[in-house]
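**Student:** Chains V and C are the protein sequences, given in the same order. Counting in our numbering, the first sequence runs from 1 upward without gaps. Counting in our numbering, the second sequence runs from 1 upward without gaps.
None of these hints come from the bench; they were simulated from the model. Be aware that one or more of the hints could be misleading.
Since the list gives no way to pick one copy over another, a pair counts as held whenever it fits inside one copy or between any two copies.
The calculated lysine-lysine pairs, modelled on BS3-like cross-linking and capped at a C-alpha distance of 30 Å, are [claimed, not checked]:
#	residue 1	residue 2
1	Lys-269	Lys-96
2	Lys-269	Lys-142
3	Lys-322	Lys-114
4	Lys-170	Lys-92
5	Lys-202	Lys-96
6	Lys-207	Lys-96
7	Lys-202	Lys-114
8	Lys-202	Lys-92
9	Lys-301	Lys-269
10	Lys-269	Lys-322
On a predicted model such as this, the values are computed, not experimentally measured, just so you know.
For reference, the chains in residue letters:
Number of protein chains: 2
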Amino acid sequence: MALINRQIHLVRRPRGEPTADCFALVEQPLGAPGPGQVLVRNEVLSLDPYMRGRMDDAKSYAQPQPLDAVMIGATAGEVLESNDPAFRPGDKFAAKFGLGWQTHAIVDARAIVKVDAARVPLSYYVGLLGMPGATAWYGTMKILEPAAGQTVAVTAATGAVGSIVGQLAKAHGARVVGIAGGAAKCDYAVRELGFDACVDYKAAGWKDALGAAAPGGIDRVFENVGGEIFDTLLARMNPFGRIAVCGLISGYNGTPMPIQNFRSVLVNKLRIQGFIISDHLELWPQAHRELADLVLAGRLKYRESAAEGLENAPAAFLAMLKGGNFGKQIVRL
Amino acid sequence: MALINRQIHLVRRPRGEPTADCFALVEQPLGAPGPGQVLVRNEVLSLDPYMRGRMDDAKSYAQPQPLDAVMIGATAGEVLESNDPAFRPGDKFAAKFGLGWQTHAIVDARAIVKVDAARVPLSYYVGLLGMPGATAWYGTMKILEPAAGQTVAVTAATGAVGSIVGQLAKAHGARVVGIAGGAAKCDYAVRELGFDACVDYKAAGWKDALGAAAPGGIDRVFENVGGEIFDTLLARMNPFGRIAVCGLISGYNGTPMPIQNFRSVLVNKLRIQGFIISDHLELWPQAHRELADLVLAGRLKYRESAAEGLENAPAAFLAMLKGGNFGKQIVRL
């Protein structure tokens, strides 16, 4: 009897905030792997803010997610059958570019890489040792280059990327101020991640709190959010500051987010650099090596927020876009 | 009988757009130069947009212009008396940091440098071979690094800085699109400066004209203006584009100028760099050498807009802030 593959398709493009009816669960029988192919089971799926951008049919840095096709996404799991000598059943894998929101897949063996799930949990390969980890490392080490004496502000501070950025900046001697939504996240950023301060942007008077947390101004910003938070940071930059623009999640649903304080770029001679980690694939091995060393040495904490079951992926994704996750959002399949 | 020194003082800080009553003409007798000092006559005064910023009492990249003191500004002229062996009466000079809006000055001889007014006109030393030239050269050569196959957009295209930027970018093989106010300036940019196209932002349909002038998008922007023009350019940037932010003259009077298209920074992985040329004094000699070579070889055109007489400096300055100048604005004293 053939295996049944369960998939989540994008069936409707959102207008503004996405809703559950943009997605549909589709079941279909799996065939058998052909020559050079493998049949795999995805055990973990990564949910990431960039997926919201792909749901639109607009010009962006990547092709839109097609309608009535499996949603894109990073996955890791186990090889069930292999017609390639490089893999045997039972091997754990991570997919180079993700196999999407589905329980199984039949793909060319070159689309996956074997990973050591005894060294770190398998799920880390879609986060810390996947795209989010590479993103945090590149933005921190190659754009911000934080140093002792500097104050680094990180938005979405407890998210997959932000939590790594802040800890890397700390490891390089900087003072780190997180910005996150809610007291629980802020407590976590300070007590567990070791940030020097964390500002709850949902609390009244948060701009004053930011001023108190960074009394000498801000030298580096790792930007995941955009909108009013970004504008507030922009106004507090020190001369020769740098801003890595990794994401602008507050605008992903088409919400206008005018920047009022652009003059700070001139007055403070700022450098702003937008980046997408897929432009820098050659640096992923170095990034992942350094991050793995830190996490294995106990010098970097990594938290996950897991939904259970493919059918719950859409709800977890929608919640994540509103900041409902706490750490890297994954789905266990 | 003592010489009378005529000066323009800032006597009132503007609210919004500056007005003539912010300035006052003051006359006072000149003393005699002390040991190591020179008495000089300023023959030419430079008027530059940055002066508007100094008139405010706000945090910026430089100290505010003090009230009831001579307005700052670059000058060049002739030595009248010298108590320093390096200078003789009749020597032509440029002041290192400017001697301000006044006809004469008594200063330490180290505050001026001797210049060759036979090689290029004396007035060039406050423009092409002064701060504006260094600014254009640095932003173009060190930030934008234009190359063949790229489209470079330059705002305030016929101004002191913009006209040099565009010609330098052309000299390095780029396609250059100017943005200027009025048909006469645009004609000049194309016919005289050799730009590939120039868009008159005061004309109806200018955004469509920009699209037609840069059908393949924009790779580099040299930004002098800010506001809606900048926002429009931002939306048309190509991936990996760069923007040098040299000035934001449209906001100098406190006009809000929200940026709507900041998302382009992320989507197109842009680099934006604000800069102030006084941070890069070590490169001025190289900049001026290269610019002098180009102008003497007839490969760079340089136009000036001259007011006559110190008493007309305020009106010329106010007009310049509204784009009334055509080329580098100077005052002949």
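**Student:** Give a verdict on every hint.
**Tutor:** Status of each hint after checking the structure:
For the homomeric pair Lys-269 and Lys-96, the shortest alpha-carbon distance between copies (22 Å) is at most 30 Å, but the shortest distance inside one copy (39 Å) is not. Taking the shortest alpha-carbon separations for Lys-269 and Lys-142, both the intra-copy value of 19 Å and the inter-copy value of 14 Å come in at or below 30 Å. Taking the shortest Cα distances, Lys-322 and Lys-114 never come within 30 Å of each other, neither inside one copy (34 Å) nor across copies (64 Å). For the homomeric pair Lys-170 and Lys-92, neither the shortest alpha-carbon distance inside one copy (33 Å) nor that between copies (55 Å) is at most 30 Å.
Taking identical chains as interchangeable, the C-alpha atoms of Lys-202 and Lys-96 are never at most 30 Å apart, the minima being 37 Å within one chain and 51 Å between chains. In this assembly of identical chains, Lys-207 and Lys-96 lie within 30 Å of each other by CA distance neither inside one copy nor across copies; the values are 41 Å within and 42 Å between. In this homomeric assembly, Lys-202 and Lys-114 never come within 30 Å of each other (Cα to Cα): the closest approach is 42 Å inside a single copy and 61 Å across copies. Taking the closest pair of Cα atoms, Lys-202 and Lys-92 never come within 30 Å of each other, the shortest separation being 41 Å inside a single copy and 63 Å across copies.
Taking identical chains as interchangeable, the C-alpha atoms of Lys-301 and Lys-269 lie at most 30 Å apart only when they sit on different chains, with a minimum of 29 Å there against 34 Å within one chain. For a Cα distance limit of 30 Å, the shortest separation of Lys-269 from Lys-322 across copies, 24 Å, qualifies, whereas the shortest one inside one copy, 33 Å, does not.
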